[in-house]
Amino acid sequence: MNILTFIAKNALRNRRRVILTVSSVAVSCGVLVTLQTLQRELTIPPESEAASLRVIARNKVSIAQPLPARQLGVIERIPGIVAVSPFTYFGGLYAEEKATGFAQFGVDPERFRGIMVEGRVVQGAYDDWVADRNSCMVGADTLDRYKLRVGDHMRFTGTFYPMDLDLRIAAVFQGTVDDRGVFFHHKLLDDAMDNGGAVGTWYMRVESAAVAPQVIAAIDRAFENSSAEVRAETERAFQMSFMSMLGDVKSLTLSVSSVVVFTLMLVTVSTMSMAIRERFRELAVLKALGFRRHELFSFILAESFGLAGAGAVLGIFGTWIFWSTVNLQKLTAGFLVYFEVTPRIMAMAGIVAAVLGIVSAMGPALAVARMSVVDGLKTID
Amino acid sequence: MAAEPIVQVRELSKIYRQGDLDVVALNGVSIDIFPREFVALMGPSGSGKSTLLHIVAGIDRATRGTVLVQGIDVAGLNESQLAEWRNQNVGFVFQTFNLIPVLTARENVELPLLLTRLNGSERRRQVETALQLVGLADRMHHRPDQLSGGQQQRVAIARALVTDPALVVADEPTGNLDAKSAADVLSILQALSRDSGKTVIMVTHDPKAAAYGTRSLHLEKGEIVA
Amino acid sequence: MALPLKYNFRNVVVRWRSSMTTVLGIGAVVAVVIVLRAMARGIEASSGNTGDPRNVLVVRKGSQAESGSLVTREHFRTVQYLDEVARNENGEAVASAEVIVMVTAPRRGGGGEANTLLRGITPRGIELRPQVRLVDGRWFDPGHREVVVSRRLGRRFEGFEVGGTLRAGPTVLSIVGHFDAGGSAFDSEVWLDADEARSIFDREQYSSILVRPRDEAALQSLVNRVENDKQLTLRAEREVDYYAKQTATALPIKIVASLLGGAMSLGAVFAAMNTMYASVASRTREIGTLRVLGFSRRAVVASFLIEGGILAGIGGAVGCLLALPMNGYSAGTLDFQTFAETLFEFRVTPDLMAAGIAFAVSIGVVGSLLPALRAARLPVISALKSL
Numbered sequence: 001m002n003i004l005t006f007i008a009k010n011a012l013r014n015r016r017r018v019i020l021t022v023s024s025v026a027v028s029c030g031v032l033v034t035l036q037t038l039q040r041e042l043t044i045p046p047e048s049e050a051a052s053l054r055v056i057a058r059n060k061v062s063i064a065q066p067l068p069a070r071q072l073g074v075i076e077r078i079p080g081i082v083a084v085s086p087f088t089y090f091g092g093l094y095a096e097e098k099a100t101g102f103a104q105f106g107v108d109p110e111r112f113r114g115i116m117v118e119g120r121v122v123q124g125a126y127d128d129w130v131a132d133r134n135s136c137m138v139g140a141d142t143l144d145r146y147k148l149r150v151g152d153h154m155r156f157t158g159t160f161y162p163m164d165l166d167l168r169i170a171a172v173f174q175g176t177v178d179d180r181g182v183f184f185h186h187k188l189l190d191d192a193m194d195n196g197g198a199v200g201t202w203y204m205r206v207e208s209a210a211v212a213p214q215v216i217a218a219i220d221r222a223f224e225n226s227s228a229e230v231r232a233e234t235e236r237a238f239q240m241s242f243m244s245m246l247g248d249v250k251s252l253t254l255s256v257s258s259v260v261v262f263t264l265m266l267v268t269v270s271t272m273s274m275a276i277r278e279r280f281r282e283l284a285v286l287k288a289l290g291f292r293r294h295e296l297f298s299f300i301l302a303e304s305f306g307l308a309g310a311g312a313v314l315g316i317f318g319t320w321i322f323w324s325t326v327n328l329q330k331l332t333a334g335f336l337v338y339f340e341v342t343p344r345i346m347a348m349a350g351i352v353a354a355v356l357g358i359v360s361a362m363g364p365a366l367a368v369a370r371m372s373v374v375d376g377l378k379t380i381d
Numbered sequence: 001m002a003a004e005p006i007v008q009v010r011e012l013s014k015i016y017r018q019g020d021l022d023v024v025a026l027n028g029v030s031i032d033i034f035p036r037e038f039v040a041l042m043g044p045s046g047s048g049k050s051t052l053l054h055i056v057a058g059i060d061r062a063t064r065g066t067v068l069v070q071g072i073d074v075a076g077l078n079e080s081q082l083a084e085w086r087n088q089n090v091g092f093v094f095q096t097f098n099l100i101p102v103l104t105a106r107e108n109v110e111l112p113l114l115l116t117r118l119n120g121s122e123r124r125r126q127v128e129t130a131l132q133l134v135g136l137a138d139r140m141h142h143r144p145d146q147l148s149g150g151q152q153q154r155v156a157i158a159r160a161l162v163t164d165p166a167l168v169v170a171d172e173p174t175g176n177l178d179a180k181s182a183a184d185v186l187s188i189l190q191a192l193s194r195d196s197g198k199t200v201i202m203v204t205h206d207p208k209a210a211a212y213g214t215r216s217l218h219l220e221k222g223e224i225v226a
Numbered sequence: 001m002a003l004p005l006k007y008n009f010r011n012v013v014v015r016w017r018s019s020m021t022t023v024l025g026i027g028a029v030v031a032v033v034i035v036l037r038a039m040a041r042g043i044e045a046s047s048g049n050t051g052d053p054r055n056v057l058v059v060r061k062g063s064q065a066e067s068g069s070l071v072t073r074e075h076f077r078t079v080q081y082l083d084e085v086a087r088n089e090n091g092e093a094v095a096s097a098e099v100i101v102m103v104t105a106p107r108r109g110g111g112g113e114a115n116t117l118l119r120g121i122t123p124r125g126i127e128l129r130p131q132v133r134l135v136d137g138r139w140f141d142p143g144h145r146e147v148v149v150s151r152r153l154g155r156r157f158e159g160f161e162v163g164g165t166l167r168a169g170p171t172v173l174s175i176v177g178h179f180d181a182g183g184s185a186f187d188s189e190v191w192l193d194a195d196e197a198r199s200i201f202d203r204e205q206y207s208s209i210l211v212r213p214r215d216e217a218a219l220q221s222l223v224n225r226v227e228n229d230k231q232l233t234l235r236a237e238r239e240v241d242y243y244a245k246q247t248a249t250a251l252p253i254k255i256v257a258s259l260l261g262g263a264m265s266l267g268a269v270f271a272a273m274n275t276m277y278a279s280v281a282s283r284t285r286e287i288g289t290l291r292v293l294g295f296s297r298r299a300v301v302a303s304f305l306i307e308g309g310i311l312a313g314i315g316g317a318v319g320c321l322l323a324l325p326m327n328g329y330s331a332g333t334l335d336f337q338t339f340a341e342t343l344f345e346f347r348v349t350p351d352l353m354a355a356g357i358a359f360a361v362s363i364g365v366v367g368s369l370l371p372a373l374r375a376a377r378l379p380v381i382s383a384l385k386s387l
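One line per chain: the protein sequences are G, P and E, in this order. For the first sequence, position 334 (counting from the first letter as 1) is numbered 334 according to my numbering, and the numbering increases by one without interruption. For the second sequence, position 52 (counting from the first letter as 1) is numbered 52 according to my numbering, and the numbering increases by one without interruption. For the third sequence, position 2 (counting from the first letter as 1) is numbered 2 according to my numbering, and the numbering increases by one without interruption.
Be a bit skeptical, because a hint or two may be false.
Okay, derived cross-link-like pairs now, DSSO-like style, lysine-lysine, Cα gap no bigger than 30 Å in a straight line [as the list claims (entries may be wrong)]:
{"hint": "1", "chain 1": "G", "residue 1": "Lys187", "chain 2": "E", "residue 2": "Lys61"}
{"hint": "2", "chain 1": "P", "residue 1": "Lys221", "chain 2": "G", "residue 2": "Lys378"}
{"hint": "3", "chain 1": "G", "residue 1": "Lys187", "chain 2": "E", "residue 2": "Lys230"}
{"hint": "4", "chain 1": "G", "residue 1": "Lys250", "chain 2": "E", "residue 2": "Lys254"}
{"hint": "5", "chain 1": "G", "residue 1": "Lys98", "chain 2": "G", "residue 2": "Lys250"}
{"hint": "6", "chain 1": "E", "residue 1": "Lys254", "chain 2": "G", "residue 2": "Lys98"}
{"hint": "7", "chain 1": "E", "residue 1": "Lys61", "chain 2": "G", "residue 2": "Lys98"}
Per label pair, the in silico range of CB-to-CB distance [said to hold, decoys possible]:
{"hint": "8", "chain 1": "E", "residue 1": "Arg225", "chain 2": "G", "residue 2": "Lys98", "range": "18 to 28 Å"}
{"hint": "9", "chain 1": "E", "residue 1": "Trp139", "chain 2": "G", "residue 2": "Glu118", "range": "49 to 59 Å"}
{"hint": "10", "chain 1": "E", "residue 1": "Ser330", "chain 2": "G", "residue 2": "Asp144", "range": "38 to 48 Å"}
{"hint": "11", "chain 1": "G", "residue 1": "Val359", "chain 2": "E", "residue 2": "Gly109", "range": "30 to 40 Å"}
{"hint": "12", "chain 1": "G", "residue 1": "Gly363", "chain 2": "P", "residue 2": "Ile15", "range": "23 to 33 Å"}
{"hint": "13", "chain 1": "E", "residue 1": "Arg133", "chain 2": "G", "residue 2": "Val326", "range": "40 to 50 Å"}
{"hint": "14", "chain 1": "G", "residue 1": "Asp220", "chain 2": "E", "residue 2": "Asp52", "range": "40 to 50 Å"}
{"hint": "15", "chain 1": "G", "residue 1": "Glu118", "chain 2": "E", "residue 2": "Gly182", "range": "48 to 58 Å"}
{"hint": "16", "chain 1": "G", "residue 1": "Val359", "chain 2": "P", "residue 2": "Lys208", "range": "46 to 56 Å"}
{"hint": "17", "chain 1": "G", "residue 1": "Ala347", "chain 2": "E", "residue 2": "Gly262", "range": "18 to 28 Å"}
{"hint": "18", "chain 1": "G", "residue 1": "Lys147", "chain 2": "E", "residue 2": "Arg138", "range": "54 to 64 Å"}
{"hint": "19", "chain 1": "G", "residue 1": "Leu366", "chain 2": "P", "residue 2": "Ser45", "range": "30 to 40 Å"}
{"hint": "20", "chain 1": "G", "residue 1": "Lys98", "chain 2": "E", "residue 2": "Pro4", "range": "49 to 59 Å"}
{"hint": "21", "chain 1": "G", "residue 1": "Thr43", "chain 2": "E", "residue 2": "Trp139", "range": "34 to 44 Å"}
Hints were generated in silico from the structure; no laboratory data involved. We treat Cβ as the ideally placed atom computed from N, Cα and C, and that holds for glycine.
Construct the complete structure from the given sequences, taking the supplied hints into account.
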């Protein structure tokens, strides 16, 4: 026997309590990790190198306010822009769906080629899409989800636009951060709306991340004091601001997370004080046998730390495995896509558990340090 | 007696505060205890016999007076020195045995040795010697709840002996035992002082137990009466 | 015979340290669940109690929300002169053609930007909505760049106080008044004159028509007539029905509330079990004594279940108290149909609190079931021997 086995034997003495404590710590850590992952999913768009080279220009009034098509000529002449295409959100309902979990955008296919550079066509042909104005390019995820094939037709009912779309799948792309979208010829929108000449946003790629700020400033300046003022921003900034509109997700998850941490603390603190109170007399005996305060303190700390740690490992990795296996995209109809439990989130939950382990040891350790051997021996459990 | 006393108690007083009252547990006690003695401390409950034992053994502190054990002033040691001192010089036997329930007999006896520099095999040898001395070598893998009361107390004695202390203190060691087990335990304590050169101090209120000792001291109201 | 309740209460009080951790733990779980459900309630209520049952809303067929609808001036003219439409004392049709535009505005306190809905209304628009009252300033003057905003929006957006301004691209609109829409969907809106809105935002068409039929029979007939007229390509429905359908957004929050409540209550059950097992262990002798005195096993089980229930019930009450300050707290969420921010107030209602306490008690009873059975199984003799 050595000190470590002694600690382990002590910690495991009340098996039922160990199981209950470890499970409640595990559940709490799991909830904490899930909440943090949810917050990350809802507030931070996925990193993409290509996205930092893209700029979106929208009407300064709001994203819903269209821009005049004639702006294209001005934007094209701004130095630093490699490619620019109209980019209009259609917001249609697929087939008979009441809510559709992927977006459809009207673009200029020829111009769009130079913008979505990280995606590659995995089925069908890009040129086929360019050639046929009633065809579309579909993300591989959507294709799989609806078990579609190249050549099939997708029908959309317009909700913002007084028109429906019937699109033949000409190409399938893959390799972007979000392989769900459907892209179609903007001409279909132009023709259906008599006035033509309006687009939702301008979508462009710039030469390098370094020129992006100048390009953005130049676009904003170009339309200042015109009837359609423009707000340009990088794709990432655009996504961030869109996500910030989800509302007070951050403060909500933060406050729920802190309640979870608080209950976690209650559980470990009460368990440790129960475990120690029950053994007060034995600790007095150990003191009489010559164990010093700091030795007793490390016993308690090791036990508390061990319980919290075991629960944390179980909860954190269990949650990680759970969310990696579950197909949330299918489950939430596209509302949650990645739900990636990052090492950072796992480390954060681990640190919380470790701190709790230490904090829970404090009270009992203090009580034991203060205890006189004689009084301790008198305790009956 | 020829030798120097191993325990010298001089003018020892202990006053507790209990609520608003001062309770005098010890009132100017002076005694000498010599090596190889087996002293029985007797007296009615509240006479201060346990308090005296606790102070001598270094788990309680006196209000006034001095205690020298092997020439060392126990009161002059700080908490952690005192703990180390107890580990090396004092063996404890309690009325309720106080074994750690999750550990086997051998592990319980080994416990005080974890504080020493001895390696595993040296520890094992000493643990086995101590258990043989109390006649429980065959029970070393049993846990306390698998042993009888008498056996448990003998394990506790082995634990008290394993660090080879000069002084063994026992607080009502037979209080929870039947007559047969009590006799076994007392014989072992007696043998310790007679054959192994230990000094044993035992608190008891049982005259039959005291009879095993070499000397009896009676306390009443915090003072030595005989 | 059952043990007196006093016994359980005193036990809970005597062991206050461990009781408190259980109470607070369960309280925290209940508070989270109540607050989330209060939020879902608030979101549902924000559009649920909107509209007047006497009104009919006309939008384009196929559009999901007013903001995605387009209605021409000819449509308005046609609908306005239908026989079913009520007339006011001046003989004017009680109908309003409206324009919905979304505007991005800065939140107060540097919280980024959010979208808000601008509703352009024609003069009848206000009298069609008795829910909406002016509480500060005055109504806008048609022909001037003036708007009236809801008081709640006024608290939420930068510059939305009376006398402040709202920027929509190059246009600057003066805020001349605040209205209160009684917690309805209009509380998330900015109102101005419809023609003004059409000119500022370059809109040929309207978004919707709100119309008041003469009576219930006229209402039915109007709805049928619009629906069946293939040329109009319009959809008519009761205003209240339209808004009642706009409540889907609270579903994710309800799901989160149930999942979170489930997971956290699991943790709470474990914690309660811990406490109750410790309570049983430290009362072994006491339980033995009770059994010797003649109390049955069943009485012991019942007693521990009741004790767990009391403990958790107090926890539930604490949870309600913790959740209560959130009542009336105003927050915003993105409406996925309009992409504008919807304001709502958390609603901690008595039935939510009662459900919370019931939830807590069930956690307590479930958590004390096994410990109670263990207490009942303790043999009388060993209970008395235990030190």
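Consistency of the hints with the structure:
no.	hint	result
1	G:Lys187 / E:Lys61	holds, 23 Å
2	P:Lys221 / G:Lys378	holds, 21 Å
3	G:Lys187 / E:Lys230	holds, 27 Å
4	G:Lys250 / E:Lys254	holds, 17 Å
5	G:Lys98 / G:Lys250	holds, 28 Å
6	E:Lys254 / G:Lys98	holds, 19 Å
7	E:Lys61 / G:Lys98	holds, 14 Å
8	E:Arg225 / G:Lys98: 18 to 28 Å	holds, 27 Å
9	E:Trp139 / G:Glu118: 49 to 59 Å	holds, 52 Å
10	E:Ser330 / G:Asp144: 38 to 48 Å	holds, 42 Å
11	G:Val359 / E:Gly109: 30 to 40 Å	holds, 33 Å
12	G:Gly363 / P:Ile15: 23 to 33 Å	holds, 31 Å
13	E:Arg133 / G:Val326: 40 to 50 Å	holds, 49 Å
14	G:Asp220 / E:Asp52: 40 to 50 Å	holds, 43 Å
15	G:Glu118 / E:Gly182: 48 to 58 Å	holds, 50 Å
16	G:Val359 / P:Lys208: 46 to 56 Å	holds, 53 Å
17	G:Ala347 / E:Gly262: 18 to 28 Å	holds, 26 Å
18	G:Lys147 / E:Arg138: 54 to 64 Å	holds, 59 Å
19	G:Leu366 / P:Ser45: 30 to 40 Å	holds, 32 Å
20	G:Lys98 / E:Pro4: 49 to 59 Å	holds, 57 Å
21	G:Thr43 / E:Trp139: 34 to 44 Å	holds, 39 Å
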